[in-house]
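Protein sequences, first through last, are from chains A and B.
Residue numbers for the first sequence follow our numbering, so the first one is 477 and each next one is one higher.
Residue numbers for the second sequence follow our numbering, so the first one is 581 and each next one is one higher.
Since the hints were made in silico from the structure, they are not lab data.
Treat each hint with caution, since some may be false.
One side only, chain A facing chain B, incomplete, derived with CB under 7 Å [unchecked claim]: (1) Ala506; (2) Gly522; (3) Pro1300.
The following label-pair restraints were derived from C-beta to C-beta distances [claimed, not checked]: (4) A:Thr690 / B:Pro1042: 52 to 62 Å; (5) A:His503 / B:Asp1063: 23 to 33 Å; (6) A:Pro1383 / B:Gly594: 18 to 28 Å; (7) B:Arg656 / A:Pro1383: 26 to 36 Å; (8) A:Thr597 / B:Glu861: 33 to 43 Å; (9) A:Arg989 / B:Arg808: 53 to 63 Å; (10) A:Asp976 / B:Glu620: 18 to 28 Å; (11) A:Ile691 / B:Glu620: 38 to 48 Å; (12) B:Gly594 / A:Lys750: 30 to 40 Å; (13) A:Gly533 / B:Arg808: 37 to 47 Å; (14) B:Asp625 / A:Asp976: 31 to 41 Å.
Below, computed lysine-lysine pairings styled on DSS-like, alpha-carbon distance capped at 25 Å [unchecked claim]: (15) A:Lys713 / A:Lys756; (16) A:Lys761 / A:Lys790; (17) A:Lys799 / A:Lys1122; (18) A:Lys1212 / A:Lys1250; (19) A:Lys761 / A:Lys713; (20) B:Lys593 / A:Lys750; (21) A:Lys1380 / B:Lys818; (22) B:Lys818 / A:Lys893; (23) A:Lys1122 / A:Lys761.
Just so it is clear, CB atoms sit at the ideal spot from N, CA and C, and this is done for glycine as well.
Letter by letter, the chains look like this.
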Amino acid sequence: MSVTFTLDGRSVEAADGETIWQAAARHGVAIPHLCYSPAPGYRADGNCRACMVEIDGERTLAASCIRQPTEGMAVHSASDRAATAQRGVMELLVADQPPRAQAYDKDSLFWRMADACGTTTSRYPAGLRPNPDTSHPAMTVRLDACIHCGLCVRACREVQVNDVIAMAHRGPHSQIVFDVGDAMGASTCVGCGECVQACPTGALAPANDALLETIDRDVDSVCPYCGVGCQLTYHVKDDALVYVSGRDGPANQGRLCVKGRFGFDYVSHPQRLKTPLIRKDGVAKSLHPDVDPSNPSSHFREATWEEALEVAAKGLRDIRDTKGGAGLAGFGSAKGSNEEAYLFQKMVRAGFGTNNVDHCTRLCHASSVAALMETIGSGAVTAPFAEVKNTEVIVVIGSNTSVNHPVAATFFKNAVKNGTELIVLDPRGEALGRHATHMVQFKPGTDVALLNAIMHVIVEEDLVDHNYIAGYTDGFAALRDHLKAFSPEAMAEVCGVPPDTLREIARIYGRARSAMIFWGMGISQHIHGTDNARCLISLALMCGQIGRPGTGLHPLRGQNNVQGASDVGLIPMFYPDYTHVEDEAVRARFESLWNAKLDPKNGLTVVEITDAIHDGVIEGMYIMGENPAMSDPNLNHTRAALAKLKHLVVQDIFLTETACYADVILPASAFPEKNGTFTNTDRRVQLGRLALPLPGDARQDLWIIQEVARRLGLDWHYAHPRDVFAEMRACMPSIKGITWERLERESAVTYPCDDEQHAGHEVIFGDGFPTPSKRGRFVPAAIIPPDEPTDPDYPFVLSTGRLLEHWHTGAMTRRADVLDDLEPEAHAHLAPNDVEALGLEGGQRVRLATRRGAIELAVRIDSGVPEGMVFMPFCYAEAAANLLTNPALDPFGKIPEFKFCAVKVEPIPAD
Amino acid sequence: MTAETKTAPHPGKGRRKGRRTERGRQPSAQSLRDVAAILEGETPDRHLLLEYLHRIQDRHHGISAQHIAALAHHMRLSMAEIYEVASFYAHLDVHREDEEAPPPLTVRICDSLSCAMAGAEQLFADVAGAAGAEVRVVRAPCMGRCDTAPVAEVGRNHIGGATALAVRTAIEAGDTAARAPVRTAAIDSAYAEFDACAGGQRRAGQVMETVGAAGLRGLGGAGFPAARKWQFVLAEPKPRVLAVNADEGEPGTFKDRHYLETEPRRVLEGALIAAWAIEAEDIYFYLRDEYPHVHDTLRKEIAALEASGRALPRITLRRGAGAYICGEESAMLESMEGNRPLPRHRPPFPAQVGLFGRPTLAHNVETLYWIPHILANGPDWFTDQGTNGCKGPRSYSVSGRVRDPGVKLAPAGITVRDLIDQYCGGMQDGHTFAAYLPGGASGGILPASLGDVPLDFGTLEPHGAFIGSAAVIVLSDQDDMRDAALNLMRFFADESCGQCTPCRVGTEKAVTLMQDGAWDTALLRDLGQTMRDASICGLGQAAPNVFDTLMRYFPEAVR
């Protein structure tokens, strides 16, 4: 209900819930403010008192930022008394600031407000100046500029909910602190930088004094790292990135994580590939990556683009023309744009003549997508993660969300603060668990036992949604019978969760009016990954938790464009929009559209391609923006295959571990150097905008693909990514309503989208599924144990994953100064009791060995790791985790079991 | 079969070793055990954070950063969430690994105005000079015992009329426990009035009318008509709460302590009657930590009530931790919720959204004290006790240069001259009445020439002062007005919660400016205006009374 009141004599209307300040701003009346931020997620706190207004009939003045007007109220924002109070407050604050010429943010809100008040000097004596804290590599803390507005506290405690910052002590001794008054760099701070973005004075600022630089241009773009797809702004000076701020996009609402905000300088790392490289004659490909990326001349010589493109294409042509397309394979990139991915798969299909095209989704959510396609006919999420604001219950399983989708996790935490119940299921404890009502650590590899037991209770206690089952599903009867054998009592031993807990969780989910399930690699990266996902889908179907506000299934997509890369057909069994390669009508359509004869058989997947190389079937590969020499399982086997290839073309921005095996290396474009569309985990297509020129003689990925394609006989003339996008639209009904021009205007559009005016459907499948019957299928799952159980020789479970600071194989982030500084060294994470039992200390070096390989690295004591497990990230080339991992595949998704294999841990005596 | 990659190149700088553990301080096994022990098997309740911190402080003479990490682990909070609360309060000593833990015994010397006038500075120097390493000697604000100034606290043992010898004797004898007060059981209540209410002999409406007719106003200082507050709260939905504000902290005030020591049951009875009238399910008693003997007494009396077989609301006793601002009603509620005790913004008011979000009626101890008396004797008995046109009795806490300091139950509207002459035996020898504080540190400093102004709500305001909690401190020609004013302003700077600019920065700037030889009166006047107009709560709004009244009535002192 709106409210009418008078402001400075003028009648104005305030919308429901609007404060005096907000209503005034909307009517062009700018009341000074410091501690109030209009950015999304920031509650008003009314503490700086710069926004005082006079209200008729009230003895004291009121803070307009925190006060809602009532009907007929008379407010004066610029009366003598109000203006005097505003200036009085500013004068007190100016007294203690560093001199303006030495401000830490030359464009600070503080000094702009001081100017607006006409109060830029102070008669008051200055107070004591606290010392700076420069302990954090990304941020500088200079509290001599702090005005105690508490925006950083709200940033850390209410927006990102990392809970590191507090205002400690009291009165004039009040001080911003981290943890228990610790240096920022020694604290639990995760480096998200929300506090820096919120600070109105520059007291908290980026460490490189970025806020003192004069910026040439601001370019609105998207983050290149994870599937959350945060919108950001690049601030550019002298054609280099100076700093990054969060932008208010539909996914992130202004938030970023440490990678997106502080991990941008890899773009200008000296090891950027700047000229094409050709392997020197006679230089053999050794099994171990041994090329120094700073000086590859030991193995490679520089070449012109003409020569390099010709050598690259000729090698591929020769194999194609002698062995046929089956002798070739291509890995496209989930980090590249939709346009690049679309052209890459088109080139492989129309140019190589094979469907051997894949990308790292194979190692990620391939099993989830397989299960989703099989059961509900669509591999994408049914609701965006923002939908948690409408849900009663959030279930997170097999996802360390605050590490791998940090900004998405902030919205989970916001929902919890608002009363939403959070259940976290994972063998490892995780940061998100502190906010959960239930943090359940079950035995690794027992997801099916756990989920079937939960479903058993839901069925037994009749918590199912009968109407939904009857109206929208098939196969419930078979599942119900199947679940009879999976009582909590029977499954407790198997999954390590007490029966009462299983029942409790089942009841919470079963009784919820709305509930959402989020999952990650813990579910998918198993040989029973498809089964795991089938169980999650069954759980949601039987309770009708799909298609309504606050409900849904959400496999959290990892790469910034893995959803898009999959959508455009960078997959061996699908053409764009998940149409089947082996469907004759579909193939005919694409043969017509692409004017080429196409292979009628499904292609091979990532791990299968490795085996095919060893079998001599595949002899040539083109790898773009992927690093299988670090990301594939059983690296000795994978690397041997790469080394065995007759011809390997690698297109990348760095000389990666994979590029060490190349015959030709083509220097490509980094994310800020291209225009392209990218699709995040929520089905939001967003525009990445070019912010920087290319370094040296590096070229656009799109241009390189086209040049190679031409030399394979394809007559392509795409002048601009928008031309590619237009072609995509012609064969992809999923992006109906989305045009390049619309993306330029709106930055993001969510699909499915009815037409160009439609905002896009956030929550989908409210009236059935895209299956022939319009119904979803229950597919029961039996218990299949992990492929390689532990035994006396290899007694620990090895589980691999990621770190907050590093992205996947580390190619980008280990070359980002702040990120590398935060996590400079490889560690094996073990439980405190295991470390003690092994006679080890934190930091001591150990040797990890599986049947496939061995590495040496330091130990980190991690209380989240269960006893009997070793956890490690796969980002450190000097201790490549995938040397150890098991390539056994899920039969449906063909995804390897990264989350479970048998390892032994041996202390290495200190020298 | 296996392969080693000791020398594999990598793109990192290899600049240093990584962390051996997870980010940030990890709780040790010992600190986890320490905290488990003080939690006594209870499931931790977020609202009881201050209670848990007290338990740690009491047992370990301090709270280490490790304790905070362990408590965070047990309570599923972050360290910052706990540290921000612990670091606010003067009675909680947090120490990090790089800091010394306090020694087992702390001696506090009160240095607020009455004690300063009685030689606290010298006492502090003497005691600190003689103390060994096992004793920490610190200054502390008003302990509510100004009638026996100077006051020292040895452990939990408060010594009035303290000398360095008395303090040393107490230290050496290990005499550190709180002393039980002298109770006059004969005059205390037996809950007859409450029983009549609960038994149906009275209706809540009648009782409210009676209390309204008596004109009972909030005697903590706000002066809000009590019965009207009951009506506001009754208009709100259940469940409702009664909060008793026993955080008496205004320098010069000790009347609440007096009633809690001598007639605790009557105070409880008043609380029970008020809670009954507003149908409250809970009574929360917030007692300042400087009255440990009262804490013991109340615990016993509440237990006796609970064992008496009466139908009662839940009565919870909570302990402050050394923060004057907790006497501010909404800050008190925040403290009880386990948060930093920062005053809340209004609206909404506590009557609508109070403790744990419930409609809350908050009352001062003395206000509750009078309720059973009013019911027993009738409203006129109460109103008739005033003088000079004012209504009702008033308990004046008188200290300073009078012969007989103490709680003086006198007619409201009495003048300070009459108070001194008729109730306090006149001025001390060698002291001529020169000035007085009519209402503690926040009520301003008035000259003796205004010694004939009736002391009540509304009578002092035209002179730039107010009665507040009726804490009267009498100054003489031997006292330096500037020193007195500076003492009071330092108090406010120490006690400011720090939430808002005018008070946080203003009190500190005022202290600095008041140390100048000649005060910058124009600047102080502007500062006072900013603080009055823009502070969130009464502390910031009233603190300027100190220098405003000094400049107005003692201009020669500040030139």
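Next item on the list: May I ask you to test the hint 26 to 36 Å on the CB atoms belonging to B:Arg656 and A:Pro1383?
Entry: Because 34 Å falls inside the window, the suggested range holds.
Next item on the list: Take a look at whether the Cβ-Cβ distance between A:Thr690 and B:Pro1042 falls inside 52 to 62 Å.
Entry: 58 Å, holds
Margin query: Can you tell me whether the CB distance of A:Arg989 to B:Arg808 sits inside 53 to 63 Å?
Written below: Given about 42 Å between the Cβ atoms, the range is violated.
Margin query: What's the verdict on A:Lys1122 and A:Lys761, does the C-alpha distance respect the 25 Å limit or exceed it?
Written below: Holds: A:Lys1122 and A:Lys761 sit about 10 Å apart, inside 25 Å.
Check: CB of A:Pro1383 to CB of B:Gly594, is that within 18 to 28 Å?
Finding: 22 Å, holds
Item checked: 31 to 41 Å as the expected CB spacing between A:Asp976 and B:Asp625, which holds or is violated -> 22 Å Cβ-Cβ, so the 31 to 41 Å window is violated.
Notebook entry, point to check: Is B:Lys593 within 25 Å of A:Lys750, Cα to Cα?
Noted result: 21 Å, holds
Next item on the list: Could you grab the alpha-carbon distance between A:Lys799 and A:Lys1122 and see if it respects the 25 Å cut-off?
Entry: The given pair, whose Cα atoms are some 12 Å apart, holds under the 25 Å limit.
Check: Has the hinted range 23 to 33 Å been met by the Cβ atoms of A:His503 and B:Asp1063?
Finding: Distance hint for A:His503, B:Asp1063 is violated at roughly 52 Å.
Note to self: For a C-alpha distance cap of 25 Å, please report whether A:Lys761 and A:Lys713 respect it.
What the structure shows: Violated. A:Lys761 to A:Lys713 sits at ~41 Å, over the 25 Å cutoff.
Check: Range hint 37 to 47 Å: satisfied by the CB atoms of A:Gly533 and B:Arg808?
Finding: 18 Å, violated
Next item on the list: Note whether the CB distance of A:Asp976 and B:Glu620 lies within 18 to 28 Å or breaks it.
Entry: 24 Å, holds
The structure is inconsistent with the numbered hints 1, 5, 8, 9, 11, 12, 13, 14, 15, 19, 21, although it conforms to all the rest.
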